[in-house]
Amino acid sequence: MSGTTPWISWTILAPLAGATLSVLVARRAVPIAVIASAATIVSVAATVGQVASAGAVSSAAGAWGAPLGITLRADGFGALMLATFGVVGPLVSLQAIGRRGGPRARRFLVLWLFAWASLNALALSADVFNLYVTVELVTLAAVGLIVVERDRRALAAGLRYLLLSLVGSLFYLMGVALLYAATATLDTELLGERVTPEPASWTALALMTAGLCLKAGLCPLHAWVPPAYTSAPPAVSALLSGLIGKAPYVVLVRLWVEVFPGSLGGGAARLLGALGALGIFWGSLLALRARRLKRVLAYSSVAHVGYLFLFFPLGTAGAWAGAAYVAVSHAAASASMFMAVEVVERSVGHDMLDATKGVAHRRPLTFVALGLAGMSLMGLPPSGGFVAKWLLARAALERGEWWWAAVVIAGGLLSAGYVFPILRGAFAPQRRSPELRRAPRHAELVSLSLAVVALALGLIPLRLMALLKLAGRS
Amino acid sequence: MTLQELAAAALLFAGAFFFLAGAIGLLRFPDPCTRIHALTKADNLGLGFVVLGLAVEAPSVVLVAKLGVIWVLVLVSSSLSSQLIMGRAQARAPRTDPRGPT
Amino acid sequence: MSVWMLYGAAAIGVFSAGVFGAFGATTHVVRRVLGVNIMGGGVFLLLVASARRAPSAIPDPVPHALVLTGIVISVSATALAMAIARALSVTRERDSPAPPRDEPPR
Amino acid sequence: MSLVDWTLDGVLAALLPLIAWGVVTAASLDKAIMLFIVLGFVSALAWARLDAIDVALVEAAVGSGLTGALLLSALPAIQPRLRRPSSLARRAGVGALLAGITIWLGVTTLRLPARSGGLAELVCENIEQSGALHPITAVLLDFRGYDTLIEVAVLLVASLAVRAVQRPRLRPGRRGEPTSEPLASFLNLLVPASIVIAGFLVWEGSHAPGGAFQAGSILAGCGVSLQLTGERPALRMTLRVRAALVLGLAVFVALAGAPLLRGHDLLDYPRPWAGPLVFALELALTVSIAVILVTFFPGAPDRPEPPARAADSP
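Order-wise, the sequence lines are chains E, Y, Z and W.
Numbering-wise (numbering that gives the first Met the number 0), the first sequence opens with residue 0 and increments by one.
Numbering-wise (numbering that gives the first Met the number 0), the second sequence opens with residue 0 and increments by one.
Numbering-wise (numbering that gives the first Met the number 0), the third sequence opens with residue 0 and increments by one.
Numbering-wise (numbering that gives the first Met the number 0), the fourth sequence opens with residue 0 and increments by one.
In case anyone wonders, no lab produced these hints; they're calculated from the structure.
Please note that the accuracy of each hint is not assured.
[Stated by the list, open to error] Covered stretches of chain Z (chain W as the covering partner; in silico rule of three or more C-beta atoms under 8 angstroms from a C-beta of chain W):
id, segment
1, 40-53
2, 74-88
[Stated by the list, open to error] Here are the computed lysine to any residue pairs in the SDA-like style, where the Cα-Cα straight-line distance is at most 20 angstroms:
id, chain 1, residue 1, chain 2, residue 2
3, E, Lys-356, E, Ala-405
4, W, Lys-30, W, Arg-48
5, Y, Lys-65, W, Lys-30
6, W, Lys-30, Y, Phe-48
7, W, Lys-30, Y, Arg-34
8, W, Lys-30, Y, Ile-35
9, W, Lys-30, Y, Ser-81
10, W, Lys-30, Y, Ile-84
11, W, Lys-30, Y, Ser-80
12, Y, Lys-65, W, Ala-207
13, Y, Lys-40, W, Ser-193
14, Y, Lys-40, W, Leu-188
15, Y, Lys-65, W, Pro-208
16, W, Lys-30, Y, Leu-83
17, W, Lys-30, Y, Leu-51
18, Y, Lys-40, W, Ile-194
19, Y, Lys-40, W, Glu-120
20, W, Lys-30, Y, Leu-38
21, Y, Lys-65, Y, Met-85
22, Y, Lys-40, W, Ala-242
23, W, Lys-30, Y, Ile-69
24, W, Lys-30, Y, Met-85
25, Y, Lys-65, W, Ile-194
26, Y, Lys-65, W, Leu-44
27, Y, Lys-40, Y, Glu-4
28, W, Lys-30, Y, Ala-22
29, Y, Lys-65, W, Phe-199
Where is the CB? At the ideal position from N, CA and C, for every residue including glycine.
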């Protein structure tokens, strides 16, 4: 890289430096985290700007370049993920800053900074082994966040998530070993040129895909998702479901689009799509039956992972845009819902579905947030979720494979089935006002702003789509 | 085959013999005391012969010194660990062994 | 048949044993951790074995470096898993029994 | 290759999966962990046979030694009630899956290109310009230094998370049984010996097998021995300890970021200075790795807490 400011590297180094410093100067952890977050946001914005104006940006670590060194590359998809992490993450972390100090808030902030650095590194990495290392950093930081409050069920869920995640990573790593043995490179672009249809390559693809599906919680492998998302502190659930859960998918897309583009739309891809469809139905049905708000949201996340996988059988640019849009809009909407549920839980004392009864009048901001984010989850216009599902359905019809479109529409109807009861309970007229405890004001504001983001995504899709098209690979 | 090589081979074989004897002893002897006894023979004598055998063939004095250091380190750690194991075995013996303390 | 193939085949055997330990043997957390570590050992062995295919004198150093990184990551994850398992068995005793699946936490 | 070589490699290669199978099917957990440690040492032998001396060193010290100690020291504290035997159907399912995976992977592996130098040549061509003359150190800290940067972050995150889940009560190391005389004198010998060996390994790392990870794990082994024998209490999070924890990552981030300020790529060391910079980085990493690995151990082996104690969460 020459001449341009290396913002792309700062998106990783800034949060990493902030995290390091706030471990050292624990007493000043909060201000350090604020400064590091600001620096990271600036770097992310600048990187996205560079990508939007000049196309993909890259930087070779140590100036070596592939195949000897590791390359960081921000294409349209990478920039979109960077932007998502950089908008949703800091908003969620505001609640820890708002809680003002305390060892728990400090631990949360440090681990979040590490997680953010690793998520950015993951979005930018163009090296399959480096992706493994960053995925492990994401996982360990996520487990740290889950268990940070030492709640017994969170410990159990965190341990389960950690072990399954490690198994997934090692399947992935086995694939990396085979790919390197076959091609003598780890760089995704070079791999794309050198991979030939031979047993080692498709075995590697199968192993890596299986490992990543386990980590992403694709339907038959989703058993770890609900315990982790429901027992973690709400802000952590918001990060897990909104951002961290997308990390394995980002790696998977890199793998299929850059290394194995020929497999898109093929038999294995159809299998992934079918599992995605299964996830949409199964997740939505379980969400319909759940009686706790957090469980509804956790199962809804399982369903939304399903939408992401509809990209693989379609494999067109339109489907890619749709899947990326699902990722982005679900990140904002789901994080917003989890934060709103935190407010409800703190106000009422529990998070049963009927906890929302009559709370709308007392916590209007939260319920505006729930309503807007719920619209996006259901895919009602003009939310981001609507654009996402519309893009996916259109891509399916363009390829003449109407059944995927039917899945998308049915999934939307089912999600209406589990989102409406939350809102109906909330807005139902109530004879006497329920006793409410004090709830954190900043959590309400965070939830509302995330919901506004989810809505706004539906109003400005064209700009983001232009960004995605730049990548122009698929 | 030179005399040097012959000597090295003989020493290595001697070392291997003690390792084999130690391994058989570990498997066949009845109680911790005698097992440890068998093991220490393997560690001390067996490794000693192997180190000697390698030292005969070693191209430099530094390498001989390194081999010697390895032998001493293994001696220290094996004597210490057998001492610890026996200490623990004796502490447990009255409870686990119906025939009384050994 | 060459030496690397010998170790390559061994690596696959080790990996499979690890998969069995992680998924199949029992659900005890220590066994799972052992299984995961053995899976890692299999992958590392394959990497190192495949580095020895060159006819030249020195093996490919890149897989060696990857394996070093992998071992360190493995031990980090193992340490975290054991710490959580310990914390879990300490808390287990005194906390109230787990609430039913869909009940509020208190 | 002589017959002796073939026999040796054949025996090692056959032993590895057998021992691995023994670990996962061992009747008791103690036995499983012991066999796991044995597996580590046999792997180290195999790696030495495959000319991977660095890997053998790290495997023996970290993969087998420290991991084994971690598992063994935690075992008494983990209640056996966590154990639930898996159902026959599950075992059969996993077994069938496994047979498939093994055959499939085995065939694939044996059909890989039989001769490939990988990136060895490229590494040799560029090693003069890197910060180290030993190829593996050059890959770890220069060519793929960015991987190592993230890896050090992984270590630090694991250490922080381990600390976070420990009950504060567990942190001070409890003195176990009184240290025996020979053990005490061994520990006295251990500290200076480990420091010398670690220093030697860091120095060697620039041109021969050795380096920060090997040296750090030797030092950590010493620290863990002191802690597990109750000779020293577990580390308290004083400023000095925290500084040691983050030193490696801090130096690494600084080395990664400094070139950015001059308009270069990250980790692009100024070439004439690459050698000294990489050596300084190795020293910092050695300290951090040692301390981080020690923090993975919560103190002397403990038993489950008596149930009567009150919850300590505020």
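Hint-by-hint comparison with the structure:
A count of 12 residues in the segment 40-53 of chain Z with a Cβ less than 8 angstroms from any Cβ of chain W is obtained; the coverage claim is therefore met, three being the minimum. By the rule of at least three residues with a Cβ nearer than 8 angstroms to a Cβ of chain W, the coverage given for the segment 74-88 of chain Z holds, with 14 such residues. Our distance criterion of 20 angstroms between C-alpha atoms is broken by Lys-356 of chain E and Ala-405 of chain E, whose separation comes to about 34 angstroms. About 27 angstroms separates the Cα atoms of Lys-30 of chain W and Arg-48 of chain W, which puts this hinted pair outside 20 angstroms; it is violated.
With a C-alpha separation of about 34 angstroms, the suggested pairing of Lys-65 of chain Y with Lys-30 of chain W is violated against the 20 angstroms cut-off. A distance of roughly 31 angstroms separates the Cα atoms of Lys-30 of chain W and Phe-48 of chain Y; the hinted pair therefore is violated under the 20 angstroms criterion. With a C-alpha separation of about 17 angstroms, the suggested pairing of Lys-30 of chain W with Arg-34 of chain Y holds against the 20 angstroms cut-off. Distance check on the hinted pair: Lys-30 of chain W and Ile-35 of chain Y sit about 18 angstroms apart at the alpha-carbon level, within 20 angstroms; holds.
Pair hint Lys-30 of chain W plus Ser-81 of chain Y holds up; C-alpha atoms about 18 angstroms apart against a cutoff of 20 angstroms. A hinted pair counts as satisfied when its Cα atoms are at most 20 angstroms apart, and Lys-30 of chain W with Ile-84 of chain Y qualifies at roughly 16 angstroms. At most 20 angstroms may separate the alpha-carbon atoms for a hinted pair to count; Lys-30 of chain W and Ser-80 of chain Y meet this at roughly 18 angstroms. At roughly 15 angstroms between alpha-carbon atoms, Lys-65 of chain Y and Ala-207 of chain W fall within 20 angstroms of each other, so this suggested pair holds.
Of the supplied pair hints, the one linking Lys-40 of chain Y and Ser-193 of chain W is violated, its CA atoms being roughly 26 angstroms apart against a limit of 20 angstroms. Our distance criterion of 20 angstroms between C-alpha atoms is broken by Lys-40 of chain Y and Leu-188 of chain W, whose separation comes to about 23 angstroms. A distance of roughly 15 angstroms separates the Cα atoms of Lys-65 of chain Y and Pro-208 of chain W; the hinted pair therefore holds under the 20 angstroms criterion. For the given pair, Lys-30 of chain W sits about 19 angstroms from Leu-83 of chain Y by alpha-carbon distance, which is consistent with the 20 angstroms threshold.
Restraint check for Lys-30 of chain W and Leu-51 of chain Y: not satisfied, since their Cα atoms lie roughly 34 angstroms apart, outside the 20 angstroms limit. At most 20 angstroms may separate the alpha-carbon atoms for a hinted pair to count; Lys-40 of chain Y and Ile-194 of chain W exceed this at roughly 30 angstroms. Restraint check: the Cα-Cα separation between Lys-40 of chain Y and Glu-120 of chain W comes to about 46 angstroms, which exceeds 20 angstroms; the hinted pair is violated. For the suggested pair Lys-30 of chain W and Leu-38 of chain Y, the alpha carbons sit about 19 angstroms apart, so the restraint of at most 20 angstroms is met.
In summary, the hint linking Lys-65 of chain Y to Met-85 of chain Y is not supported, as the alpha carbons are separated by about 30 angstroms, beyond the 20 angstroms threshold. A distance of roughly 46 angstroms separates the Cα atoms of Lys-40 of chain Y and Ala-242 of chain W; the hinted pair therefore is violated under the 20 angstroms criterion. Restraint check for Lys-30 of chain W and Ile-69 of chain Y: not satisfied, since their Cα atoms lie roughly 28 angstroms apart, outside the 20 angstroms limit. Between the alpha carbons of Lys-30 of chain W and Met-85 of chain Y the distance comes to roughly 19 angstroms, so the proposed pair stays at or under 20 angstroms and holds.
Between the alpha carbons of Lys-65 of chain Y and Ile-194 of chain W the distance comes to roughly 17 angstroms, so the proposed pair stays at or under 20 angstroms and holds. Distance restraint check for Lys-65 of chain Y and Leu-44 of chain W: the Cα-Cα separation of roughly 19 angstroms lies within the 20 angstroms cut-off, and the hinted pair is therefore satisfied. With a C-alpha separation of about 25 angstroms, the suggested pairing of Lys-40 of chain Y with Glu-4 of chain Y is violated against the 20 angstroms cut-off. Simply put, Lys-30 of chain W and Ala-22 of chain Y have alpha-carbon atoms about 18 angstroms apart, close enough for the 20 angstroms limit, and the pair holds.
Proximity of Lys-65 of chain Y to Phe-199 of chain W is assessed by CA-CA distance (about 12 angstroms); at most 20 angstroms being required, the pair is judged to hold.
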